[in-house]
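Line by line, the protein sequences give chains A and B.
This note's numbering puts the first residue of the first sequence at 852, with every later residue one more than the last.
This note's numbering puts the first residue of the second sequence at 852, with every later residue one more than the last.
Among these hints, one or two may not hold up.
To be verified - Reference excerpt, derived from the structure (chain A facing chain B, CB under 8 Å, subset only):
1. A863
2. L865
3. G894
4. T971
5. F974
6. R976
7. A978
8. R981
FYI, nobody ran anything at the bench for these hints, they're computed from the structure.
C-beta atoms are modelled at their ideal positions from N, C-alpha and C, and glycine is treated no differently.
2 protein chains.
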Amino acid sequence: MPAAQGIVRGVARLFDAMGLVSLPEVPLANGRRLDLLALGEGGALWAVEIKTSVADFRSDRKWPDYLEFCERLYFAVPPGFPQEILPFDQGLIVADAYDARILRETADRKLSAARRKALTLRFARLAARRLLQSQSG
Amino acid sequence: MPAAQGIVRGVARLFDAMGLVSLPEVPLANGRRLDLLALGEGGALWAVEIKTSVADFRSDRKWPDYLEFCERLYFAVPPGFPQEILPFDQGLIVADAYDARILRETADRKLSAARRKALTLRFARLAARRLLQSQSG
Chain A
852 MPAAQGIVRG VARLFDAMGL VSLPEVPLAN GRRLDLLALG EGGALWAVEI
902 KTSVADFRSD RKWPDYLEFC ERLYFAVPPG FPQEILPFDQ GLIVADAYDA
952 RILRETADRK LSAARRKALT LRFARLAARR LLQSQSG
Chain B
852 MPAAQGIVRG VARLFDAMGL VSLPEVPLAN GRRLDLLALG EGGALWAVEI
902 KTSVADFRSD RKWPDYLEFC ERLYFAVPPG FPQEILPFDQ GLIVADAYDA
952 RILRETADRK LSAARRKALT LRFARLAARR LLQSQSG
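Okay, chain A solo, but in the shape it has when bound (with noise of 0.2 Å):
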């Protein structure tokens, strides 16, 4: 299993148990794409953006373009990784296809209204597309 997959399994795994369900690749309204997009119980829209390397942090840019795009953003990264060059003000979780911990905990940002209505319902139609394509296949 590539690094990045078994993080996203890791971190769907961590969420279930804290109560938020996890949908990975999620197109945005600004052309970008979410690694992972997490819905808690009573709305909550957690977003993960995975680095599997310290090039592959360097090279990106926009991260902070997700900010708008849910209440807290986590960088999740594999074990051994050099968390210090990670945003301070992000949370963080170190994680493989078995395990995955909390490293640093972010404080929720305030989503409108109408932003978390339309992420809500983009997450909601996403998945059951997906989920009829992956029946009929």
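Starting from the known structure of chain A, fit chain B onto it as the hints suggest.
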């Protein structure tokens, strides 16, 4: 394929062509379960109640409980079902696994913002949970 399952498939295809994504078997906060809930691009919530036989419809006193959980309710029946016994003020779809047609339209009822939010969230989390299960299975 059992008749009900064929109807689900036919209705889901029809709705897909109309821009709505379908999710079968959606449990509601009142303890009942919708045969199918469809979510439109703009957030429309349409419910479908499947009846495969006259006895199936006659024994159901509870379908009005669905009305507060959707903007529209369609009965979906197989070809040959005696349509005149169905409520005139709800929608009607005739469907099998390969084809579905709306024979009677129905007006949108108003959903409260809170109910709409809760239903969309329920749809989203249920679809994503089933998708995760389908991938890990």
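Results for each hint:
A least Cβ separation of about 6 Å between A863 of chain A and chain B falls short of the 8 Å threshold, and the interface hint therefore holds. Using the Cβ-Cβ criterion of 8 Å, the hint placing L865 of chain A at the interface with chain B is not satisfied: the shortest such distance is roughly 13 Å. Interface restraint check: G894 of chain A against chain B, minimum CB-CB distance 5 Å, threshold 8 Å, status holds. At its closest, the beta carbon of T971 of chain A sits 6 Å from a beta carbon of chain B; the interface hint therefore holds under the 8 Å criterion.
Interface restraint check: F974 of chain A against chain B, minimum CB-CB distance 5 Å, threshold 8 Å, status holds. Restraint check, R976 of chain A versus chain B: the minimum CB separation of about 5 Å is within 8 Å; hint holds. Nearest Cβ of chain B to the Cβ of A978 of chain A: about 4 Å, under the 8 Å cut. The hint holds. Proximity of R981 of chain A to chain B holds as hinted, the smallest CB-CB distance being about 5 Å (cut-off 8 Å).
When each numbered hint is compared with the structure, a violation occurs for hint 2 only.
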